[in-house]
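Student: Order-wise, the sequence lines are chains R, S, D, X and A. Number 60 in my numbering belongs to position 60 of the first sequence; there are no gaps in the numbering. Number 77 in my numbering belongs to position 77 of the second sequence; there are no gaps in the numbering. Number 59 in my numbering belongs to position 59 of the third sequence; there are no gaps in the numbering. Number 157 in my numbering belongs to position 157 of the fourth sequence; there are no gaps in the numbering. Number 84 in my numbering belongs to position 84 of the fifth sequence; there are no gaps in the numbering.
Don't take each hint at face value.
Stated by the list, open to error - One side of the interface only, derived from the structure: several residues of chain R facing chain D at Cβ under 7 angstroms:
no.: 1; residue: Ala4
no.: 2; residue: Ile6
no.: 3; residue: Ala14
no.: 4; residue: Leu15
no.: 5; residue: Leu31
no.: 6; residue: Ser34
no.: 7; residue: Leu38
no.: 8; residue: Thr45
no.: 9; residue: Pro50
no.: 10; residue: Ala53
no.: 11; residue: Leu57
no.: 12; residue: Pro65
no.: 13; residue: Leu66
no.: 14; residue: Leu69
no.: 15; residue: Arg78
What the hints assert, rightly or not - Not close to chain S: a few residues of chain X, all C-beta gaps over 12 angstroms, as computed:
no.: 16; residue: His92
no.: 17; residue: Arg95
no.: 18; residue: Pro98
no.: 19; residue: Glu99
no.: 20; residue: Arg103
no.: 21; residue: Val115
no.: 22; residue: Glu158
no.: 23; residue: Arg159
no.: 24; residue: Ala164
no.: 25; residue: Glu167
no.: 26; residue: Ala193
no.: 27; residue: Gly200
Treat the hints as calculated values from the structure; they're not laboratory data. Glycine is no exception: its CB is placed at the ideal position from the N, C-alpha and C atoms.
Listed below are the residues making up each chain.
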Amino acid sequence: MADAVIVVALLLVALSATAAVAVRDPARQALVLSVLGLVLAVLFTVLQAPDVALSQLAVGSALTPLLLLLAVHKVRRRGKKEGHHR
Amino acid sequence: MDASLPLLVAVPLLGAALLVAGGRLVPRPVAETVGCAVSAGTAALALVLLLNSSPPFLEWSGGWTPVQGQSVGIVLIGDGPGLGMAALASLLTLASLAYSWHYFDEPPSGHAGSFPALLLLFQGGMCGFAIAGDLFNAFVWFELMSVVAYALTGHRVEEARAVQGALTFAVVTSLGAYALLMGIGLLYARTGELGMHAIGRGLDAHGCPDALVLAAFVLVMTALLVKSAAVPFHFWLPDAHAVAPTPVCMLLSGVMVELGTFGVWRVYGTVFSGPGGVPAPEFERALVTLGALTAVIGAVMCWYQRHIKRLLAYSTVAHTGLFLIGIGVLKPEADDGIALYVLGHAGVKAALFACTGILLDRYGSVDEHALHGRARELKGVAVLFVLGALGLAGLPPFGTALGKSVTEEAVGGPLTVLYVAASAVTAAAVLRVAARVFGGLGPRPETGSGYETTGSGERPETRHRLSRIPDTMTAVPAVLLAGAVAVGVAPGFAKVVARAVNETGSAGVFTSVHWTPAGVLLGLVSTLLAGVLALLAVARPKAFAAPDRALWLRRLQSGHVGDYVAWVLVGTTVLGALTLPGMLGG
Amino acid sequence: MNGWILAAAVVLGGGVGATVWGVATGPLRRRVVAQNLCTAFACPALLLLSQGYDRPSYVDLALVLALLGPVGTLVFARLLADELAADPPSAWGLTYAAAAVGAVVVPALCVATGPSRAMAKLLVVGALLIGGNLLASRALSGAFPEVRRG
Amino acid sequence: MSRRARLWLVAVGGAGLAALFVAAALDLPAFGGDHHPYGDRAVHAALTRRTANVIASVNFDQRAFDTLGEMTILFAAVIGCVILLRRTHDEHRGRPAPEKVARPVRRYSLLVLPVALLTGLYVIAHGQLSPGGGFQGGVVAATSLHLLYLGADYRALERVRPVALYETGDAIATSAYVVTGLAGLIGGSAFLANTVLPYGTFNTLSSGGTVPLLNAAVGMEVACAVVVLLARFLDQTVEIEEGNGK
Amino acid sequence: MMDVFPYLVAGWVFLTGCYGLATSRNLIHAVGCLSVCQAGTYVLLLAVGYRDGATAPVFSDLKPGSRPVVDPVVQALTLTDVVVGATVTALLLALVVQISKRHGTVDPDELSELRG
Numbered sequence: 001m002a003d004a005v006i007v008v009a010l011l012l013v014a015l016s017a018t019a020a021v022a023v024r025d026p027a028r029q030a031l032v033l034s035v036l037g038l039v040l041a042v043l044f045t046v047l048q049a050p051d052v053a054l055s056q057l058a059v060g061s062a063l064t065p066l067l068l069l070l071a072v073h074k075v076r077r078r079g080k081k082e083g084h085h086r
Numbered sequence: 001m002d003a004s005l006p007l008l009v010a011v012p013l014l015g016a017a018l019l020v021a022g023g024r025l026v027p028r029p030v031a032e033t034v035g036c037a038v039s040a041g042t043a044a045l046a047l048v049l050l051l052n053s054s055p056p057f058l059e060w061s062g063g064w065t066p067v068q069g070q071s072v073g074i075v076l077i078g079d080g081p082g083l084g085m086a087a088l089a090s091l092l093t094l095a096s097l098a099y100s101w102h103y104f105d106e107p108p109s110g111h112a113g114s115f116p117a118l119l120l121l122f123q124g125g126m127c128g129f130a131i132a133g134d135l136f137n138a139f140v141w142f143e144l145m146s147v148v149a150y151a152l153t154g155h156r157v158e159e160a161r162a163v164q165g166a167l168t169f170a171v172v173t174s175l176g177a178y179a180l181l182m183g184i185g186l187l188y189a190r191t192g193e194l195g196m197h198a199i200g201r202g203l204d205a206h207g208c209p210d211a212l213v214l215a216a217f218v219l220v221m222t223a224l225l226v227k228s229a230a231v232p233f234h235f236w237l238p239d240a241h242a243v244a245p246t247p248v249c250m251l252l253s254g255v256m257v258e259l260g261t262f263g264v265w266r267v268y269g270t271v272f273s274g275p276g277g278v279p280a281p282e283f284e285r286a287l288v289t290l291g292a293l294t295a296v297i298g299a300v301m302c303w304y305q306r307h308i309k310r311l312l313a314y315s316t317v318a319h320t321g322l323f324l325i326g327i328g329v330l331k332p333e334a335d336d337g338i339a340l341y342v343l344g345h346a347g348v349k350a351a352l353f354a355c356t357g358i359l360l361d362r363y364g365s366v367d368e369h370a371l372h373g374r375a376r377e378l379k380g381v382a383v384l385f386v387l388g389a390l391g392l393a394g395l396p397p398f399g400t401a402l403g404k405s406v407t408e409e410a411v412g413g414p415l416t417v418l419y420v421a422a423s424a425v426t427a428a429a430v431l432r433v434a435a436r437v438f439g440g441l442g443p444r445p446e447t448g449s450g451y452e453t454t455g456s457g458e459r460p461e462t463r464h465r466l467s468r469i470p471d472t473m474t475a476v477p478a479v480l481l482a483g484a485v486a487v488g489v490a491p492g493f494a495k496v497v498a499r500a501v502n503e504t505g506s507a508g509v510f511t512s513v514h515w516t517p518a519g520v521l522l523g524l525v526s527t528l529l530a531g532v533l534a535l536l537a538v539a540r541p542k543a544f545a546a547p548d549r550a551l552w553l554r555r556l557q558s559g560h561v562g563d564y565v566a567w568v569l570v571g572t573t574v575l576g577a578l579t580l581p582g583m584l585g586g
Numbered sequence: 001m002n003g004w005i006l007a008a009a010v011v012l013g014g015g016v017g018a019t020v021w022g023v024a025t026g027p028l029r030r031r032v033v034a035q036n037l038c039t040a041f042a043c044p045a046l047l048l049l050s051q052g053y054d055r056p057s058y059v060d061l062a063l064v065l066a067l068l069g070p071v072g073t074l075v076f077a078r079l080l081a082d083e084l085a086a087d088p089p090s091a092w093g094l095t096y097a098a099a100a101v102g103a104v105v106v107p108a109l110c111v112a113t114g115p116s117r118a119m120a121k122l123l124v125v126g127a128l129l130i131g132g133n134l135l136a137s138r139a140l141s142g143a144f145p146e147v148r149r150g
Numbered sequence: 001m002s003r004r005a006r007l008w009l010v011a012v013g014g015a016g017l018a019a020l021f022v023a024a025a026l027d028l029p030a031f032g033g034d035h036h037p038y039g040d041r042a043v044h045a046a047l048t049r050r051t052a053n054v055i056a057s058v059n060f061d062q063r064a065f066d067t068l069g070e071m072t073i074l075f076a077a078v079i080g081c082v083i084l085l086r087r088t089h090d091e092h093r094g095r096p097a098p099e100k101v102a103r104p105v106r107r108y109s110l111l112v113l114p115v116a117l118l119t120g121l122y123v124i125a126h127g128q129l130s131p132g133g134g135f136q137g138g139v140v141a142a143t144s145l146h147l148l149y150l151g152a153d154y155r156a157l158e159r160v161r162p163v164a165l166y167e168t169g170d171a172i173a174t175s176a177y178v179v180t181g182l183a184g185l186i187g188g189s190a191f192l193a194n195t196v197l198p199y200g201t202f203n204t205l206s207s208g209g210t211v212p213l214l215n216a217a218v219g220m221e222v223a224c225a226v227v228v229l230l231a232r233f234l235d236q237t238v239e240i241e242e243g244n245g246k
Numbered sequence: 001m002m003d004v005f006p007y008l009v010a011g012w013v014f015l016t017g018c019y020g021l022a023t024s025r026n027l028i029h030a031v032g033c034l035s036v037c038q039a040g041t042y043v044l045l046l047a048v049g050y051r052d053g054a055t056a057p058v059f060s061d062l063k064p065g066s067r068p069v070v071d072p073v074v075q076a077l078t079l080t081d082v083v084v085g086a087t088v089t090a091l092l093l094a095l096v097v098q099i100s101k102r103h104g105t106v107d108p109d110e111l112s113e114l115r116g
């Protein structure tokens, strides 16, 4: 019966991973990836790996989305500028 | 003595850290001197350990020596092949540090030490991978080596090609690394161990191989074959090697790719060669098939290039194919031959890249057509370049020739023809370049714009276009070529190499390795063939350089990350299919 | 199987499951709200799991999440500000519902632990979680008057 | 290659790999099985060295050589990013416009910043006891500094973040790890051997021999590395602009 | 079913990531897909180390030997893996930023260098 929560967490991981691939816009994908990071952390907790869950939380909830969004921002700003020049 | 084995990794890492910490304070020459000194020190250590590696020894990191045959630590293997690769990597790092000495592109302000530091980290990663006896530890060093290589490949961020090639390289190799990790997970689930020997014993204890062993084999090999650029995992290599800075190319083509091949040899020998692993005929079928395909495609694509660095990169692909065949046949003589071949090839290929770098820095182009006849004044470089081409063809007494002839005799039959043909075609392409660029021979080729990468529009890697070639830049290829010759002629060297390889590789079968009349003849034949092909190509460019025939092949090399990832997936399936038949019975 | 773990499974399956669906589909304004609510549901679930496994040290996870989750949302609010300004999200009903989950779980756990250092930690987590979430939610909806800073 | 052809390749390759993986999964020991020889040995070894968090013991003692590689990868990535995201000849530094920040967001950020920083240090310090350690705590601490960017603005962040200092800190922490390892070689038995310091009392901050030292080195390395990484990216996004003329 | 389900999820996540990587139209999205691939490896490793009814081998709030514990080694491996993943993501994004500057696009279909 303790498996129920593991199954739930696994399903959430599978769903959000699929969503992270299916969502094609990078800014929206960053949102899904941050949720994926969180769900992975929950999965690691139920698999009794709090250390890994903690590092996944630290990386997945703030760091990776921040990096992704900064890259998106830079790329978009460039695109806009180029549009003006042409 | 044995306890100093981890220092092969620790010393370059410490050197790199200190260079970054102090790089702000010291001027560039000091940083470069420190880099050279650390690299040379590590090379010396590797050589000393290599001389003491008979019989091979194991070192347990952290002092966790096994209790009742079991340990919780990481095992490092100090044997001839591993330490030999570490020594080769260290010496080549030293060579590329010397080559980039003082002339290589200006570092960003306040980061005088970062380029030498990255090269030292690269060296540390390669040494760590070479001596790793633990599968996960091998993954860690594999990843370090890769991460540094991505950064170095994209070092010239102002070049559109450099950043694209680096990204392709990074995505494909990272995917390979994650496949390796999946494989490690499967093996750990079955055996509960991470040391390579321990996993091998665990698999044997479990009994006959099944689907799990097959999947683990395929996943682990995917990573190593991506690294060693076997078809169809090879697409990243020309893109990355053609755009990386020259000193980095010397390392990538000279030793990193070969480390992938070494990894295949090491992992098969320790993990999968037992009764619970992959049966020898299956391994042989998979590796020889992929190797032959790699050699053929590499040679053909090499012939049709005009971007000189890209041409050399494809010749690396072709030679990797030959190495994989040699490892795949699982004969002690072939292993010895490949060890010598890798040593000789490293010297020759690094020297050729070094000469190409001189062209780039002097003329701002690496395009065979645009450079036609322009480099007539560089007599010394021309001699080095031609010597390198002859070494590639396998002209005795180069080490490549000795290694090739030993392997040819071991593999026998049609594969011998493949060895001669692949080395002749790649060498012919290089000779053709030499004839056109340094000799100005033949009609000036048309500069059509087909589906290809030209070598023009590249920027020199030095601060200014060189008007005079610095001595360090010519001395390095000369020394490297001398080393490649020494591998072939130094008395007793081949025997020492063969002994070191056989001590770990072939369960006590010792073979003698020496020049044979047949081997010398085959070497001369492939050199002659290369010369004739090159002459014909120069004299009759139309008949020999018609890229339309190979257009479908060239279209596969599309520069598109998605394509390459798709090929990696196909490659795993092919590898699985090639290995499957014999495993079903078990 | 104890009740705490069952409760965690329900919160995960219902709350976090809904946010996964919400973040994967629909317009941007819905996605950012879903991302914010994901923290609001996952954090109580982690607290419940800690209690269910009888491992007080797992509370650190919830603490870190309560700190960094809203920070992540603020990052999105900052860097997607242009797009969000055109189509501001507003889902106060859901936000308060999520906050209520936290507000129910934390006192329940406090009762279960009894007064101790662990309870103080729980209260800190609860305050950070609810405060952070409401603030992040308001920041997303652009409800704040903006202040220019030199 | 056309998109269609690529899709076919992915389908063939993916189907093959999937079949292989499913077949392998069926041969794997059942989920939740009891056979973990290495794991059981590791737990035993950690307890003999009086390290309460076995994962910390595996990371910083039994498999400390792996962690050396891991932190070097991070170190290399930082140097790589510094080089890849440098300002090139055709770019110039713009002056970022002051950002608008809502007052409650500012208050929240400035309030949470010290809490997050302390939490990060707490997670690092208790690495060998409770879940956490140098890596997790380092990331939390470094992220907390960036609350200044969210709460105030980029220039406030720049004042508390001399990047050069953090780069040096990164390198020094990496060398500290290697030097601790060398101390194990000189004073003990082997590289990274945990035999130099006394093991202390179980479940206290100073237990575990060199584990807390290595843990602290990694914590510092990671914190500095993340700060530098984010600084490079923020620099690109906020400051560096491509010039039209030189 | 429960015996293999976690492994299948790991495989699914890995392959989904590969699919996204191959068909991506935006390099930033591709980098995200690569991290999805890597998530598959985390799931596999931790699933392999799980033991029914066990708890984490962290003895700060637990008496050693009082409860069965899961495998700590895979957790250490996954921890390393997470770090590697974050750094590779950062490095790849740095390269993507430079690609967008030099090529003016981040659509892999429009990158026209390095052919043949």
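Student: Against each hint, give a clear statement of whether it holds in the structure.
Tutor: Going down the list of hints, with the structure as the test:
no.: 1; hint: Ala4; result: holds, 5 angstroms
no.: 2; hint: Ile6; result: violated, 9 angstroms
no.: 3; hint: Ala14; result: violated, 10 angstroms
no.: 4; hint: Leu15; result: holds, 5 angstroms
no.: 5; hint: Leu31; result: holds, 5 angstroms
no.: 6; hint: Ser34; result: holds, 6 angstroms
no.: 7; hint: Leu38; result: holds, 5 angstroms
no.: 8; hint: Thr45; result: holds, 6 angstroms
no.: 9; hint: Pro50; result: holds, 5 angstroms
no.: 10; hint: Ala53; result: holds, 6 angstroms
no.: 11; hint: Leu57; result: holds, 5 angstroms
no.: 12; hint: Pro65; result: holds, 6 angstroms
no.: 13; hint: Leu66; result: holds, 5 angstroms
no.: 14; hint: Leu69; result: holds, 4 angstroms
no.: 15; hint: Arg78; result: violated, 15 angstroms
no.: 16; hint: His92; result: holds, 15 angstroms
no.: 17; hint: Arg95; result: holds, 20 angstroms
no.: 18; hint: Pro98; result: holds, 27 angstroms
no.: 19; hint: Glu99; result: holds, 27 angstroms
no.: 20; hint: Arg103; result: holds, 38 angstroms
no.: 21; hint: Val115; result: holds, 31 angstroms
no.: 22; hint: Glu158; result: holds, 16 angstroms
no.: 23; hint: Arg159; result: holds, 19 angstroms
no.: 24; hint: Ala164; result: violated, 6 angstroms
no.: 25; hint: Glu167; result: violated, 7 angstroms
no.: 26; hint: Ala193; result: violated, 4 angstroms
no.: 27; hint: Gly200; result: holds, 18 angstroms
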